[in-house]
Every structure is written in structure tokens, then in C-alpha cells.
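Q: Let chain A serve as the given structure and place chain B on it in line with the hints.
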Amino acid sequence: MALFAELRRRNVFKVALLYAVAGWLIIWFVDAIQPAVTVPAWTNTFVYFILAVGFPVALLFAWTYEITPAGLKKAADVDQTQSIVYKTGQKLNAAVAVFLVLGVLAVFGQRLLPTFEFLVPGVPEGAAPVSEKSPPEIRSLTLDNGLKVIVWPDHDIPNVVLYNFVRAGGRNEYPGITGLSHFFEHMMFLGTSNREPGEFDRTMEAAGGANNAYTSEDVTVYQDWFPRSALETIFDLEGDRLQNLTTVAEVVNSEREVVYSERRSSIDNNNFWKLAEQVQATAFVAHPYQFPVIGWPSDIEAWTENDLINYYRTYYAPNNRTVIVSGDVTSKEIFKLADKFFASTPAQEPPPPVRTIEPEQLGVRRVLVEAAAQTPLLHMAFHAASATDPETLPMSLLLNILTEGESSRLHRLLVEDEGLALSIGAYQSEGFDPGLAYFYLTLPPGADPVVAEARVLEELLRVGTEGVTEAELAKARNIILAQFWRELATIDGKAAALGRFEVFYGNYEMLFDLPANLEAVTAEQLRDVAARVFHANNMTVGVLRAPPEESTQ
Amino acid sequence: MIRLRPLVFLLWAILYTGAVSAQGVTLPDAHRVQLDNGVILIVHEKHDVPLIGLKAIIRGGAVTDPDDRAGLASLLAGLLEKGAGDRSAAEFAESIDAVGGSLSARADLESITISAEFLARDADLMIELLADMLRSPTLDAAEMDKLRDRQINLIRAAKDGDLRRLNPLYGTAFLFDEHPYGTAIDGDEASLAKITHRDLRGYFADHVGSDRLIIAVAGDFDTASMTEKLTAAFADWEPAAAPLPEIEPPLPIEGRRVLLVDKPGATQTYFWIGNVGVDIAYAQRAELDIANTLFGGRITSLLMDELRTRAGLTYGARSVLLRPSMPGYVAMVSYTKTESTVAAIDLALALLMRMREQGFDEETIASGKNYILGQFPPELETASQLAGQFAELDALGLDESFINDYGNAVAMADSETIRSVINAVYPSPDDLVFVILGDAELIREDVARYGPVTEMAITEPRFRPEAP
Numbered sequence: 006m007a008l009f010a011e012l013r014r015r016n017v018f019k020v021a022l023l024y025a026v027a028g029w030l031i032i033w034f035v036d037a038i039q040p041a042v043t044v045p046a047w048t049n050t051f052v053y054f055i056l057a058v059g060f061p062v063a064l065l066f067a068w069t070y071e072i073t074p075a076g077l078k079k080a081a082d083v084d085q086t087q088s089i090v091y092k093t094g095q096k097l098n099a100a101v102a103v104f105l106v107l108g109v110l111a112v113f114g115q116r117l118l119p120t121f122e123f124l125v126p127g128v129p130e131g132a133a134p135v136s137e138k139s140p141p142e143i144r145s146l147t148l149d150n151g152l153k154v155i156v157w158p159d160h161d162i163p164n165v166v167l168y169n170f171v172r173a174g175g176r177n178e179y180p181g182i183t184g185l186s187h188f189f190e191h192m193m194f195l196g197t198s199n200r201e202p203g204e205f206d207r208t209m210e211a212a213g214g215a216n217n218a219y220t221s222e223d224v225t226v227y228q229d230w231f232p233r234s235a236l237e238t239i240f241d242l243e244g245d246r247l248q249n250l251t252t253v254a255e256v257v258n259s260e261r262e263v264v265y266s267e268r269r270s271s272i273d274n275n276n277f278w279k280l281a282e283q284v285q286a287t288a289f290v291a292h293p294y295q296f297p298v299i300g301w302p303s304d305i306e307a308w309t310e311n312d313l314i315n316y317y318r319t320y321y322a323p324n325n326r327t328v329i330v331s332g333d334v335t336s337k338e339i340f341k342l343a344d345k346f347f348a349s350t351p352a353q354e355p356p357p358p359v360r361t362i363e364p365e366q367l368g369v370r371r372v373l374v375e376a377a378a379q380t381p382l383l384h385m386a387f388h389a390a391s392a393t394d395p396e397t398l399p400m401s402l403l404l405n406i407l408t409e410g411e412s413s414r415l416h417r418l419l420v421e422d423e424g425l426a427l428s429i430g431a432y433q434s435e436g437f438d439p440g441l442a443y444f445y446l447t448l449p450p451g452a453d454p455v456v457a458e459a460r461v462l463e464e465l466l467r468v469g470t471e472g473v474t475e476a477e478l479a480k481a482r483n484i485i486l487a488q489f490w491r492e493l494a495t496i497d498g499k500a501a502a503l504g505r506f507e508v509f510y511g512n513y514e515m516l517f518d519l520p521a522n523l524e525a526v527t528a529e530q531l532r533d534v535a536a537r538v539f540h541a542n543n544m545t546v547g548v549l550r551a552p553p554e555e556s557t558q
Numbered sequence: 005m006i007r008l009r010p011l012v013f014l015l016w017a018i019l020y021t022g023a024v025s026a027q028g029v030t031l032p033d034a035h036r037v038q039l040d041n042g043v044i045l046i047v048h049e050k051h052d053v054p055l056i057g058l059k060a061i062i063r064g065g066a067v068t069d070p071d072d073r074a075g076l077a078s079l080l081a082g083l084l085e086k087g088a089g090d091r092s093a094a095e096f097a098e099s100i101d102a103v104g105g106s107l108s109a110r111a112d113l114e115s116i117t118i119s120a121e122f123l124a125r126d127a128d129l130m131i132e133l134l135a136d137m138l139r140s141p142t143l144d145a146a147e148m149d150k151l152r153d154r155q156i157n158l159i160r161a162a163k164d165g166d167l168r169r170l171n172p173l174y175g176t177a178f179l180f181d182e183h184p185y186g187t188a189i190d191g192d193e194a195s196l197a198k199i200t201h202r203d204l205r206g207y208f209a210d211h212v213g214s215d216r217l218i219i220a221v222a223g224d225f226d227t228a229s230m231t232e233k234l235t236a237a238f239a240d241w242e243p244a245a246a247p248l249p250e251i252e253p254p255l256p257i258e259g260r261r262v263l264l265v266d267k268p269g270a271t272q273t274y275f276w277i278g279n280v281g282v283d284i285a286y287a288q289r290a291e292l293d294i295a296n297t298l299f300g301g302r303i304t305s306l307l308m309d310e311l312r313t314r315a316g317l318t319y320g321a322r323s324v325l326l327r328p329s330m331p332g333y334v335a336m337v338s339y340t341k342t343e344s345t346v347a348a349i350d351l352a353l354a355l356l357m358r359m360r361e362q363g364f365d366e367e368t369i370a371s372g373k374n375y376i377l378g379q380f381p382p383e384l385e386t387a388s389q390l391a392g393q394f395a396e397l398d399a400l401g402l403d404e405s406f407i408n409d410y411g412n413a414v415a416m417a418d419s420e421t422i423r424s425v426i427n428a429v430y431p432s433p434d435d436l437v438f439v440i441l442g443d444a445e446l447i448r449e450d451v452a453r454y455g456p457v458t459e460m461a462i463t464e465p466r467f468r469p470e471a472p
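If you read the sequences in order, they're chains A and B.
Each residue of the first sequence is one higher than the last, beginning at 6 in the numbering used here.
Each residue of the second sequence is one higher than the last, beginning at 5 in the numbering used here.
So here's chain B without its partners, still in its complex pose:
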């Protein structure tokens, strides 16, 4: 007797798993351990090329900078590379370069991150350098002075360069104001000048330690031996002296305000228009990503299509979401020649209104879903990308479902929910913060129509206007 039911069930099971795995990327399994002193290790083997990617995250970051010392975490990150263990700054750099490795530290809003990539044969060296820079950096006073002065001058150089990079700095400072999210991550000319060697040492003792370290490593090695080596390097490290500060959620701005940053002679106006947005754990993340993709996240987005393709007003226009642990920002960003400043800003505002009123049609939504699902896999292709993703999820207290359930959430998103997410997240045109960089003499009167204007010069040594 031939029984069909088991066969039918088997077939169904195969087709079902096929359908689910077709719905995008899943994070591979990784070995995660927490050491007694709090250090978290995440280890994943990947053997396609002889490389190892590593990401270490120290939770804290720029939000832990003292009030008038913006850039302290960033300066510390830079100093970690300037000599550690028994290596001088020059020897430390030489050790990395000699084997073709890369190892660098930088501050983010809520972390100091160290990214490393080495050939597989140099795994031991990589771990030694990482342990040295975190546990026994030299923090030499002369190196600090040099780095601080250089950082100040590089900010001046940036003001001579492509202003697209500066816009968000003025934007966050003006929007979040005194809230920690308003901190200039790499500092400004004035705050950096105040930082002393004593500040740096104190910050290192208070904010760097085992209780806030996450290390994720992926690549061409053996999991057991890699875990053992990292454990040996960090198991006896002490926790940081001060607790991690609690951050209050920032409040959205009501009404409008305009910051005009004067750069005499600029032939373009750069604008950043936004308000407080949502945090990383926002429940309707898939719906928001679809909305943002369609509004300003790809070539055929509403902003690009209207501002660039149809009106020829700009080369680029985007909608940007910053999503830290507390609500960050949502902003429209673009630039245009000085004479078309008002035309471009008015059009951007009209598009914001149009999206809030009409949402997107089903066909457009389907296109946005395909785009997100189609572009997602290459973000988790290399060992370094995987290490970065493991570490970031852990630092934010998220688990692998953040990735693994994402494809289905995107596929299942419906237009009604997307519509309500748009109106909940994107600000009403009545409540907006404008940052406008350009030749103030030519646009001062024009931009007054957008709200009460505060003006400052680009050469001022900070990214926010002086308090009145």
C-alpha cells in the first residue's frame, strides 16, 4: 500500500522552506559568550577569502562627552591608535601597515568603534594590538596636542571643501540643541581647544572598560581557538569607573526655526530640513524603510524624481533617517544653485506635504519592497560586514530577528500601515528645523519666509549659533 500523506507533507515542507528563504537574508549562526567581567564575544567562521574582519564597540560615545568638551570621545578614539602597550605611535602604525592590515578607531554618537581587517595569518597580531589599544593605550600628552590641533585644522579644511558633509553637523546641533544628540561627534573648533590631557585620562578611566565592550569577529579562523584567544586577552580587564548615562528621549520641535550659515562666495545653497524622528527599535521599521526609500532613498524616489529628474534643480536629494537608541532625526537634504534656493526648498516642502496627504500607491509600494529586498543581501556579504552587524545589534540590545524577520516584515507591509507611519514619523510642514548654508547676502531675505532666522558665519568655531 502506498500512502500519499507523508509524501504530500514532505513536498509542502520543501516548498514552504523555499518560500521563506527566498524572502531575503538571514544572519548566519555565531558563537556568543559573555565573560564574567561583562565583555561580550561574538565569533563566526567564514572561509571564502583569507581575511578576518573585526568590530569592537565600546558603548558610550559622543553622548558621554562633558557639556563643553564635545569631541572628547572622538579624540580618545584617535589617541588609542597613537601608541599602546610597548609600542610607540610610530611602531603601532608600522605593525599594522607592515602586514597590510587595517585597524582604526572612531567615535560615533553612542559608541567608540574599532574596525579591523587583517589577513588570516595575522590573527594573533590583530588581537594583541586590539587588547593593547583598549587596555593600555599610552595616551601621550604631546600626541594628544598634535591630534587635537590637527583635528581643529581639519574642521577648517572641511569648511573649505564639500559642504554636503557639514550640513548634518549644523542640523543636529540646531535641532537637538542641549540634548546629548546635539553633540558634534568629532567636536568643533571651540570645544576641542578646551580639551586637556587630564580630561582625556579621566574620560578613559570613566568610560572605557570591560562592562561596555562587545567584540564581534568573522572570517577565516577556527571558532574555538579564536574565542580562546580573545578570552585570554580580555578576561581580566576591569569595568569602567563611571556608569553609562541614561539618555532622555529628545522632544520634537514645535513650530519653525531657521539657521542660516553664511559662506560668502558660495554659488550653491545647501539645505537640511528636519525634526525629531524615531529610534532604532521602532516597531514599524519595515514600513518606515519602505516610505523613506520611496520618499528619498533611491534614484526614482519622490525627492530625486521631482527635484533632479523633472526640475533639474539639483544633482542629489535625499531623505535621511538617524536612528540611535532614542529617537534621532528625519531630514530632507539637498542643494541647488543660489538663484534657485527658494524654488528647491518650496518644492521639497510641497513633496513632504504630498507624501503626508497621499502616501504612495500600491504599485510604487511594491517597487519599494522589491528594491529593499533586492539590495539587502550585499550588505551582509563580507566578514567585516557580518562582524559589524553582530556587534551593532548586540550594542543596541537587539537580536538576530532584527535581520532575520526583516525580509518578511517588508514583504508583508501594507499601504495603510505605511500611510500611518508616514504621518507619525515625517514632520508636519508647520514643525520644521531648517539649516541653510550659502551666500547669506544673496539669500537672507528669501529664507526669512520659512521662519524666524538665526544667522551665523561658517568661520565661527562651532556648529551652533552663540546662545543669545
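Isolated chain A, as found in the complex:
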């Protein structure tokens, strides 16, 4: 007890407490500034080590020495009646209190402001949106190698979404390498010079992240969904596969089988896509939109390692990509991470432009697919416009009026009133080059596709002459406006929408013009675009039905 009392008298406990609190504050501070400043990876370990070694030293010092009015003396030499240890103890208490208050403030401060980036010079601010309609917290920055990074902070949930848009898709392919863009999407998960095949997914999932990717005629898009705590891991993984991808023959061949399985499921054993593939290949005679995104089977088997390497270098170059991040982040920490993990990949010559323009169609085209089917399918495709064409928004409103919802024109007529179809839908491909306005119908068993086709065409021609009503236009506007808000309700939707507008329209801010643009579209514009697009000479008709002998069984 005497030792205990003496320890207490000499303020050893208080020094220990002060040390612990100050140490905690130091560790916390080092952690907090890490996202904002580049420090070596061993910094944390080093700080912990120094603090651990210092602890016994500090205690020993507190035991041995005592502060007196005459300065520091050995405690044993101090006359206890003259001792000011009580005063020193009060000073120590005060110091502990100050550190604690600092700590409390810092913890709260960190919640309000995730990093201490304001302390750090040299982290770029990024460009704010120009338009008043855009949320002011969005920032964008283009790195020296041409990679543009756009950030939309949103702190609702502790999660983050990263989209990596690559301007490479089916339209960049030619006979012999069809499906290569899509195959590449698979390759991006299959190993780098630093990571084994499968390690990308293992590392990401172990950090709480999930991912996916898709390929279209125009772009390949990589998506990561992860908790904020995995931010650095994700940037590390993405930076690695964008710079150090490897193509091992054995892995490539195993993955060919996986892609085949995907093709068998989504096309060969799925009548919708079996027909759509043929319609697409028939509607385009010159432009590469004629190729199925998944590739023709013989090409899936045949492309070479060289094809893969060339493709990677050209199309995955930073100047051909755009990265979008939304969620629980600040723009500065993202720009810092982008600089650390993405900046060292060199820019490349821009990819060769797609020069081919689809020549005007000179008459109706037809394609028939015979396949086991109880319900025939009817697809009708019309050449329409590219994403940026002024006709695209009117067309999208028009397709809405025709097929979106149970009150839409064609659904009411063909499905509800006349029973000619079980279902009808439509979409417009909004890509870099003029694509298709595409109608797809499932017909009742035994139905004659000719009847349904004539009925649809009749209605489409009617829109071209008579137009739509103001009420129909208002309805379509409301549907698209509601979709706009639904998409922006999630961090995933935010990233997807920003990316789509940045890549296809050249400026993400145009997303926020959508409500005003919708208001500006007139019924006359809808009639005009209908008249230009919907006519027989601009149409490709596809029918899928059972072979005649089977249907008579």
C-alpha cells in the first residue's frame, strides 16, 4: 500500500493517464489524416512502436523525477514538506482534460468532416458544376493522363459506388473479334501481374465490396459497391487491373467456356434473344451495331492473345475511360486516391473512330427464326437516332406513350382490347451512333404474326399523321420525371446517371437539364419524329415461331 500511495503521490498514475490520452489522440490523428496525405504504409506501425516504447520510459521518469520550484529534481532528493506534487497533479489533470476535450471535439469533427484534407495543400479542388441546376457538391477532375473523375458525395448510408465507364463495346469490333469487348469484361476479373486469377474478387468481397460489369454495343461498364472502409482497397484493385492485366492462355480458355455458357443461357436457350440477335444482324448491313455483343460463336473460339493485348492497350487507356464515384466520400479524398492509383497509367493514341455510317434502308427487311416455341414472337425495329440527336428525347417520350404502362396505346389496343398480343414493349438504343427504336411482342399460341404486325404498323403510321394528345405527352413526361427521381434516390442510380450523361452526352451536367428539356418537348416534335422513323421502308421485322411440322403435332 505504501508503494501504491507513493506512486499516487508522485503522480505516476496521472502521467500514465495523460500518456494514454495523448497517445490515443496521436494515433487517431495519424489515422484521420492518412486519406488526405500520402504517408508510407509503415507509418502506423512506427507510431504504435514509438508510443509503446515511450510508455515505460515516461512512467519511470515520473517516478524518478519531481518538479519543484527550483526545477527538475530526483524525487528522492526533494523535501516532502516543500513538495508541490499536488499542484503538478492538478496541472496533469488539466492537461488530461484538455486532451480529452480535444479528442471529443476531434471525434465529432471527424464525423462532420471525414478527413483533415483542409490541412493538406496540393489536393486539387476539382471543378464545380457550371449550371445552377446541378447539385453544387459534385466535383470533377481530369488527370494529366486524360482520365476524368467525377464525384457526387452523399452521406445517407456509409457506402460508396464506383463506376468505371470504358468507351469500348460491340461497335468497336469487326469480323473475327466480335464479342471481344464482352470477353474482355470477363478477363478484367482474371488476374494481373500482382494478383492471381480470382484474387480480385476475393480481396474485394473480403473487404465487404461487391462488383459486376456489363457490356453494350457502345460501352463496357464496371461497377463496385462497397462500404466506405474499403475505399483504398477498391482503388488499389481497380488501379491494378487497369494497368497490369495479364492474359494467361489456360485462364483465357477456361473463360471461353464460361462465356459459352452465358451465350447458351441468354441466347441459344432463350427465344427472345435468339430472335433479337437475328433482327439486329438484319437491320444493320454496314455498321458494327449488327454484331451481337456476346459475339458470334466462331469468334468466341478463335480470338487470339494478341487481339486481347491490343484491345486492352487501346480501349482501356485512361483517356478512353471515365470514373464516377458517389456515396459517403469527399471529392478531395477521391481525387487523392485517383492520383495515387490511376495517374501512373499513360495515355494512349485515341482509338480509331468508327467511320461507317449505316446507309439508308431501301425497303422492309424480314427475318424468320424457327425454334421450339409455344408462343410466337414478333419484333419490329426502325432506324432511329443517336443519344445526342435532338430527336432522341421526343422518341423516348413517344415510345413511352405507345408501350409504357397499362394505359399506353399499344398495350391497350393489342393486349387488352384485341387480344393480339400477350405483352408488348419497346426501347430505344441511345448510343454513340444512330441505333434502333425496337418493339417486341409475345403473341398468343397459334397467333398469326402478320396480323399483329399490320396492327402495330397501322398505329405507328397513325401517330406520324395525327400525333399525340397533350394529355398523353403530359403523362409520358411525368413517367420519365418520376424515373429520374427514382434513379437519383440511390447512390448507385446517381453514379449510373452521371456516367451515362458524361459518356454519351459529353457532359454530366446535362442530366439536370432533363426536367426542363422534358417540358420543352412539343407534341409536334413527337409527330414529326414518328413520321420520319415509322414507315415500312425503315423497318426490319423478325418472327420466331415453331417449324410448321411441329406446330401441327
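Derived by calculation from the structure, the hints in this document are not laboratory data.
So the derived label-pair ranges between C-beta atoms look like this:
(1) B:R358 x A:R318: 38 to 48 Å
(2) B:T342 x A:Y219: 19 to 29 Å
(3) A:A254 x B:N427: 37 to 47 Å
With the Cβ distance kept under 10 Å, some of the chain A side facing chain B (calculated, not the full set):
(4) N274
(5) V420
(6) W490
Even glycine gets a Cβ: it sits at the ideal position worked out from N, Cα and C.
A: Relative to the frame of chain A, chain B by itself:
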């Protein structure tokens, strides 16, 4: 005198709350009231975007379909949208579409659910349409005939389409057999054909009413006024005429049985292999979720890693849990080209055995926990998601601890418990139900090795074989 103890305590409290909230998502507070007639209202304000999400649940669902009338609840759900109050079917649809709203009803195994999403400015319209469709649907006979015939034909169309969607239908029918959980939720071609308008009216009177309605709504509105409006719309509604049936827990299948569904010309074989599993209130839910994530719930799961990444046998392989109020199923699902049918099924069985024998190592378990915790927050991000979660918990008699305690339960799960959960929930390879869809001519002999085979054609008008 400066006293340290209060300060130290304060610091501890701050750090402690920080640690707990870092352990995942909690449900926000909601205002819950039960009206005198039994209707439950759950209301939660959320103002980030000008939207309102609503979920209404009528407890009952497909399990209340009469024996030979599978699809009756589903057909009723469809009919609720086909005219109500003083609106015809066309006018009802027009009212929704005109404001860019969405409102749809469908049947589930144990409920009919109505999901709605409207712009905030259209809240009154949304409530009016909801009240009309539940309280005074037209249930027009001609509309019913049209919808029933269309539904029959859509099932035929589905059989021409992606068979991944059909596999679970054959699976549940073959596994649960006569138990209500074996009911085809949207019916089959044969059962739908039998349904009459009289059946529909009788079902509506017996099974739809205030005593089994839960409405949860979240979004950009004022709680008091929203509660008032919903109360006004439903306070004087009558209860349903018939009581909710009690469901007995289904019994696991002992031994093996195989259903081979023939689709001539198919170039892939689709398989579903499972047995009876656990219910939603299963006490070790966190441990089971970890096991299922690691077995077949993510890209690097055992099934995906072996079947897809290593063997290139398939594009996708999953382990699926159905957890209703009574034990549902646990099943392995995948597909492969016809020639590799046996290789893929054998591998799946071997992986099931491996998991049962070895469990998962600590590192893998830690990874699974992080994955579940990291992917959980986006499930409760939007108003519609929150409304859905509130309504579903209430319908199943669960409280917010189902969500709020989940993160900690996942974090605390230990490998021993996970191991014992695996052996309790995942069936022994000796006791399995196999459903195999493919070109029977090419695989008939091969699949006989898995057990006694019952064969049927995909064109047969039901999802289960004819009783012998």
C-alpha cells in the same frame, strides 16, 4: 479541483456508441398504429427526394389457394388493378400512369402485396387508388377471363424463354408436394383453367379484409397528416370472412428422388437440388447467412469458385434459401451444357459434402462477415425499401431487432456455431430432391444415378408430375 472520472466516462460513452453504430444499419423510427378493425399503419418520413414509397401486405397469399385452384390469390391480385371504385380498368391504369406513379399487386407465398411509388405531390391519389383496389375492386368477369387466359399463355411463353426462372417452380412443387408451400404461386396452366369468377369473388370475401392488412409508407410527407389520411381511408373496413389457415411445418424428404423435365432440343441442363430448410425466425439466422454467402451467395462462394471459375462448367451457381413463416427450402441451383450434366451435378454434390465435413476456415468466415455487413446498408436506402421492410417485418410478427441486432449477430458469429448450423440446415447428400430440366433423350440414363426418376414433359400443363 479538476475531476477526471466524468470526463473519462464521457469519452468511453462516445467511443462505445461509435463502435456500435459502425456495426451496420438500424431501422429508423416509424410511427405504428393499429386501428380498431385490425389494420396496421406504419409511417416514416424521409425527405431526400420528392417520392413516397408504399407497401401494403394482405396476409394469406398462395398458401390459401384451394387445393386444385393454384393461382387464385395471384389472379385476384391482378384483378385488383383491373378497375376499382368508380374507375374502369383503363381509367385505373390511366390515373396511375398520368402522374408517373407505379402501383401493382402480386401474390407471394404467404401474402398479397401491393407496391406503390408516387411523387410526393400525388399522395392523395395514391391513397384513394389503394383504398379503392382493396375495398371496392370491380372484379369484372370479362377482365378475369382475359387475365386468366393471358396468364396461362404467359406460362407457355416462359417455357420458351430463360429456363432459369422455371427451375424453382418445379423444385417447390416436387419438394413440398401436397403441402401448401408446394403451390405454384401464379398457378399453372391446368389450375388456372379451372378458376371461375365465383371462385374469385368467394376468395375475395374470405381472404381480404381489415384484420390482415398492414400498410407501411415512407417518404416525403408529414407523419400526422399521412396517418390521418390512411386512417380515414381504412378505419371502417370490415375484416375478412374466413380465418387465416394454420400452416403445419413441412417435413424434410428422406432419401433421394429425381424429377426429370424434358425440353427437347435444349442445349443446357438446369438443375435444382434441395430439401426442406428453415423458417424466417430461425435463431441462428446470422450464422446461416454467413454460411450461405460462403457456399453460394457471392462471386467467390464455394459453388461459384469451383463450378465457374475453376471448372468453367457454368456461368452461374447459387445456393438459395426460401424462409417463410414455416421452414422453406435450401437448394443449390446451376446449369451447364448438356454434355457436362453429370460433371456439374457431381461437383455440386461434392462441394455440399465438403462444406458439411469441413465448414469454413476463420479467414473465409471473416471475409463473409465483411461482405454481409458491407452489402447490407444499400438494402435500406430508399423510401420504398424502408416501407417494404417495415411491412414485411410486421407481417411476419418480427420487430426491429430483426434488423437492428443483425449487424452485431453477424460480427459475433463464431466458426463452431456456423459449423453446427451448416450440418443442421444443409441436407445430407443422402436426402435430396433433384429437379433436372434438359433434353431427356440425352441425359435420361445419366441422371438415373442420382435416385429414382420421375419424368415429365415441359409442355405438360402443371409444374409437378401427374400422380401415379
